[in-house]
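Protein chains: 4
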Amino acid sequence: MAKKLKTGVIGLGRIGQIHLSNLVHHMPHAEVIIASDVSPESHAFALNLGVKEVTTDAYDVINHPDVEAVIVCSPTPFHVPYTVAAARQKKHIFCEKPLDVTLEAIHEAEKAVTENNVKLMLGFNRRFDANFNNVRTLVEANKIGDPHILRITSRDPAPPPVEYLKISGGIFLDMSIHDFDMARFIVGSEVTEVFVKGDALIHPEIKEFGDIDTAVIVLTFENGAIGVIDNSRKAVYGYDQRLEIFGSKGMAKAENNTADTLIHFDDNGGHSSLPLHFFLERYETAYRVCLKSFIDCVLNDKPSPVDAHDGLMATAIGIAAMKSLTEGRSVKISEVLQYAEV
Amino acid sequence: MAKKLKTGVIGLGRIGQIHLSNLVHHMPHAEVIIASDVSPESHAFALNLGVKEVTTDAYDVINHPDVEAVIVCSPTPFHVPYTVAAARQKKHIFCEKPLDVTLEAIHEAEKAVTENNVKLMLGFNRRFDANFNNVRTLVEANKIGDPHILRITSRDPAPPPVEYLKISGGIFLDMSIHDFDMARFIVGSEVTEVFVKGDALIHPEIKEFGDIDTAVIVLTFENGAIGVIDNSRKAVYGYDQRLEIFGSKGMAKAENNTADTLIHFDDNGGHSSLPLHFFLERYETAYRVCLKSFIDCVLNDKPSPVDAHDGLMATAIGIAAMKSLTEGRSVKISEVLQYAEV
Amino acid sequence: MAKKLKTGVIGLGRIGQIHLSNLVHHMPHAEVIIASDVSPESHAFALNLGVKEVTTDAYDVINHPDVEAVIVCSPTPFHVPYTVAAARQKKHIFCEKPLDVTLEAIHEAEKAVTENNVKLMLGFNRRFDANFNNVRTLVEANKIGDPHILRITSRDPAPPPVEYLKISGGIFLDMSIHDFDMARFIVGSEVTEVFVKGDALIHPEIKEFGDIDTAVIVLTFENGAIGVIDNSRKAVYGYDQRLEIFGSKGMAKAENNTADTLIHFDDNGGHSSLPLHFFLERYETAYRVCLKSFIDCVLNDKPSPVDAHDGLMATAIGIAAMKSLTEGRSVKISEVLQYAEV
Amino acid sequence: MAKKLKTGVIGLGRIGQIHLSNLVHHMPHAEVIIASDVSPESHAFALNLGVKEVTTDAYDVINHPDVEAVIVCSPTPFHVPYTVAAARQKKHIFCEKPLDVTLEAIHEAEKAVTENNVKLMLGFNRRFDANFNNVRTLVEANKIGDPHILRITSRDPAPPPVEYLKISGGIFLDMSIHDFDMARFIVGSEVTEVFVKGDALIHPEIKEFGDIDTAVIVLTFENGAIGVIDNSRKAVYGYDQRLEIFGSKGMAKAENNTADTLIHFDDNGGHSSLPLHFFLERYETAYRVCLKSFIDCVLNDKPSPVDAHDGLMATAIGIAAMKSLTEGRSVKISEVLQYAEV
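Chains as they are written, first to last, in the UniProt record's numbering: chain B, 1 to 342; chain U, 1 to 342; chain L, 1 to 342; chain F, 1 to 342.
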């Protein structure tokens, strides 16, 4: 693996900067040829990291003759267009989640990737978190037996501004989508049905535009397992990311990460530290491992660890969840996939 | 409180023996006048504990002139008849759960208790477990803020024989009923709606008679909180009894109890002990505290800590849960309570 | 084991009441024939528990023709005289710790017990605590390998009054003696040398009469292991009783017990419960198991689990510790045992 | 702080590579001008990281006109000569531990640093570990009250080869020296006396050259606190780095770090992960924070967080510990410092 993968980065927002910085500092098998962002002020970040070429036009990255793989960190509506364009240029693609909010667009991307025989990997970084990845390893090693019950707790420390929520696509496609992917990853089976009970308990005003901030989501899996996700936009004690899988041979659970292992006892009791504040802290390493996996899969021609089908299913579960909330009933995934060849 | 409450015990099966033994050894403010069991072989247990009078007829206990309170530990179908008869004799009643599997019978018992102005307390012993009771105390002290999400994990170490399951009344009234009561207790608000997803993953044959052994139950509360219970009849690692309440000001969780606090490290990792095996071990103290509360409420004329209404609601949720499972939809509690004055 | 052991209890102070109450309520294979206390006001406690005969004279217990075993809970100076007298009457003896503060007296007791062929068991109750007993089981099962390092933390929640400390015999014979016994029990080897560093950091005035309230004690064992005990008379967060054994194959540690398993998270962090307050709460079950072992060893003619030699060694280590503190040097146990046939 | 500190690195062994890599990737306020190593094969490492100039002669680094600060990662015997030479060139110095194994040499370095008015910081990286640093913060904030007892557990996963041990300077100056520095750091008071009990329980053959592999070390502090360190060269379950400080107002303890937070339950019990394997994993972040502190102290003219006096005291405690082991007695630090002006 002496070769270095020549990459180009599209989008230098928060997540684009994380990926670019990781590429420069932590990926000995990658180099960055060019980076783009519509706003020229972002270019300094790339130049300071030693990137030679910057541009405001994403297609300069996609069409650059030296670029072998593009890292797509643009806003969601551009994910599929850039993916399709890059595929046609025979470039491999790492794309941030979600691939798209409609199943049709995802199919289009999937088609382009298949026809042009390139790799597409989606940035579901949590799969690469040591806690969750090691739970999956136990399931694969049959240490849990047949999975019966999956529990995911996923709560943010604070909600985004209401203005953002209005354009977020709703809690399921904006926030829970990570948990939908995690559920499929841990159990290793497709979700067939979704039931949601939810409410706007933190910001009642967001109900006006059909959104909620607190949800309990029941998932049924093809292999018989039943899953439950609980989501909240506001856990005052910090970013709460835990899960548990229970099966015929045992149970495994992953607890939160904290900044230290201290316990302090005084006459009021024992006191321990808060969970790491938010996703940048909690998933710092996971982002790195995730991107490394992409570079490894391209350079060594391995299957993509998170492909278009994974993106399709996560979005389909999100659409079904919204339908369940709106219609107050359990919704089969096949209802939303009816026109799609899964 | 120098007075001793004169009690009589009806039923000397497993749970009757626990209560009788606790009365004799641990209740300085109670004495046992008489005990009954249809099977004379059980009488030796009471006699060995120093009970002076035994009988095969429960009405000998109910009608005994010295008895002030009866402890009803008979099979479920006799709970209401004995409760009604005891109430008419102006005796206070401690009755094992469930009070009955029909709401009509529970109303009948409630009516007799009210008309005769006696105390009725139901044996929902888990409310008196230190872990759960202390969580409730935090909720009452507003340390959690407004409750948003409740999670209960309740898994048995091993299923009863299939023969027992056939007559058990189904998982909801036999096993989950404790969790329904716990949910109302912890959140401090009524359940208004139930949705169930369940399956027979351990013993598929029990589906034939409409039962399941694995369930995820979503509860909606009047105050807006959403709850989720996960049940399994078989956790190979032992009796798993945990819960968590999450709200606007924080979160509290109660973990399992273990026989010791050991951690043993070898080159494979850290190893800790199993949860206490089953309900007799886990709730040993809770049974005692529960019965003590009854004696205290009678002797000091306090309200019953767990009254007929609590029994009614737990059973109603159980009936609604079965309806949800059968009909594959969310069921409002008001549907099953329509004929009842709650 | 249908037979019941006929016992007599000497001394109805705090610990005497615990043992008497346990005998009556929890020892189906024992009965109490008679109880004594110099102060007649204590007699009511025994009478209320159904003991038929009470006396102010300990010798009425020792000489009672029906008594087969005496439970000695008198002040320490009477331990040996009563033990010797009981042995001569061919009565088995359960005696509270310490057997005595001088090695000569302990030898005298040991001789009487041997010559009269009766059982003597000392009340080192902590050996019967589930945490510590299960650590010992791991050591015996060779899960730890050869023991290298032992760590015992033993801290009281609050010091006794200075007036008591003056007559206590000093921290080593009053408090650390339990830890000396625990050290020998866990490691399974004799202590050969002691070094102490200590100070009066809580009540400096107790230095006047040669006592301390904070100590670090280094023990050397015959098998090569090295142990360290840390003692404090005042841990504001409660009774702190932990230990850890480290060896060639691994490590095992026992943590404190708490009243519940709660963790409460708010925006300040996680909060857990205090350790159980003091020895009555922490060792409630251990007292019971300890006494049961005595009854079992007598009725079934098993060796005493904690015999005169154990008492001798614990006291010898205590004497050596005091010598180390006074002389500021490491002291060999053989120095204080020189006149004794160990 | 827009300025970048111009540094030169001396020594490209394991620790030199860590520091160089951290300087290049993680120190936006530093740049590396030149690096040296006697072995030219090591130079590729620096060149690959973009360092422009490499040399086999450390004095090329020290005398380089652009270098403002040197990072000394050479073998221990060169620490003081390079420190003195650099100080005379008015260069600031970051030097690996121990500064030297003799107090005279340390004094010489201290004198040069003071006379030339440059900063000297020693690489006691563990002070910058989040766990230990946060314990110190609690002590400083008076959350523990007056410190009474300090406990440090410091055990390596596996001993170095016996050949290395022969030239290591002994366990105290090679391994425990970190713990001596930690003890002074946490308690915030000078050590006045040392007592050691130790043995070669893992490799008995190392006793031939006066070394041991298992030790319990008692420290007495000026402020009255008593400390105890337990060291082992071989903990089969991994790198064991914990500490606990106990005082008049409470207690704080830092547990080990693990690669994940998993707990896996099967019918044998609960299973958790091993501690992080060794110092490279456990202190990865601490190395970075440590070096950042040096750059910050130079650029912003702050006092050195770990200065020559700290190096002197750690070495003095190590010398006293060896004296205690050899002479079998408690040794005052003043005995080994007698010729030194502390």
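Just so you know, these hints were derived from the structure itself, not from any lab. The beta-carbon is built from N, C-alpha and C at its ideal position, and this holds for glycine as well. Please note that a few of the clues may not be correct.
Claimed, not checked - 27 angstroms max Cα-Cα, derived DSSO-like pairs, lysine-lysine:
#1 B:Lys249 - U:Lys207
#2 B:Lys234 - U:Lys143
#3 B:Lys143 - L:Lys4
#4 F:Lys4 - L:Lys249
#5 F:Lys4 - F:Lys302
#6 B:Lys249 - U:Lys234
#7 U:Lys143 - B:Lys332
As the list claims (entries may be wrong) - Which chain L residues face chain U? A few, computed with CB under 7 angstroms, are given here:
#8 His25
#9 His29
#10 Glu68
#11 Leu138
#12 Val139
#13 Ala141
#14 Ala252
#15 Thr261
#16 Leu262
#17 His264
#18 Phe265
#19 Glu281
#20 Glu284
#21 Ala286
Evaluated hints:
no.	hint	verdict
1	B:Lys249 - U:Lys207	holds, 22 angstroms
2	B:Lys234 - U:Lys143	holds, 16 angstroms
3	B:Lys143 - L:Lys4	violated, 49 angstroms
4	F:Lys4 - L:Lys249	violated, 50 angstroms
5	F:Lys4 - F:Lys302	holds, 16 angstroms
6	B:Lys249 - U:Lys234	holds, 10 angstroms
7	U:Lys143 - B:Lys332	violated, 39 angstroms
8	His25	holds, 5 angstroms
9	His29	violated, 13 angstroms
10	Glu68	violated, 22 angstroms
11	Leu138	holds, 6 angstroms
12	Val139	violated, 10 angstroms
13	Ala141	violated, 10 angstroms
14	Ala252	holds, 4 angstroms
15	Thr261	holds, 4 angstroms
16	Leu262	holds, 5 angstroms
17	His264	holds, 4 angstroms
18	Phe265	holds, 5 angstroms
19	Glu281	violated, 12 angstroms
20	Glu284	violated, 11 angstroms
21	Ala286	violated, 12 angstroms
Hints 3, 4, 7, 9, 10, 12, 13, 19, 20, 21 from the list above are not met by this structure, while the remaining hints are.
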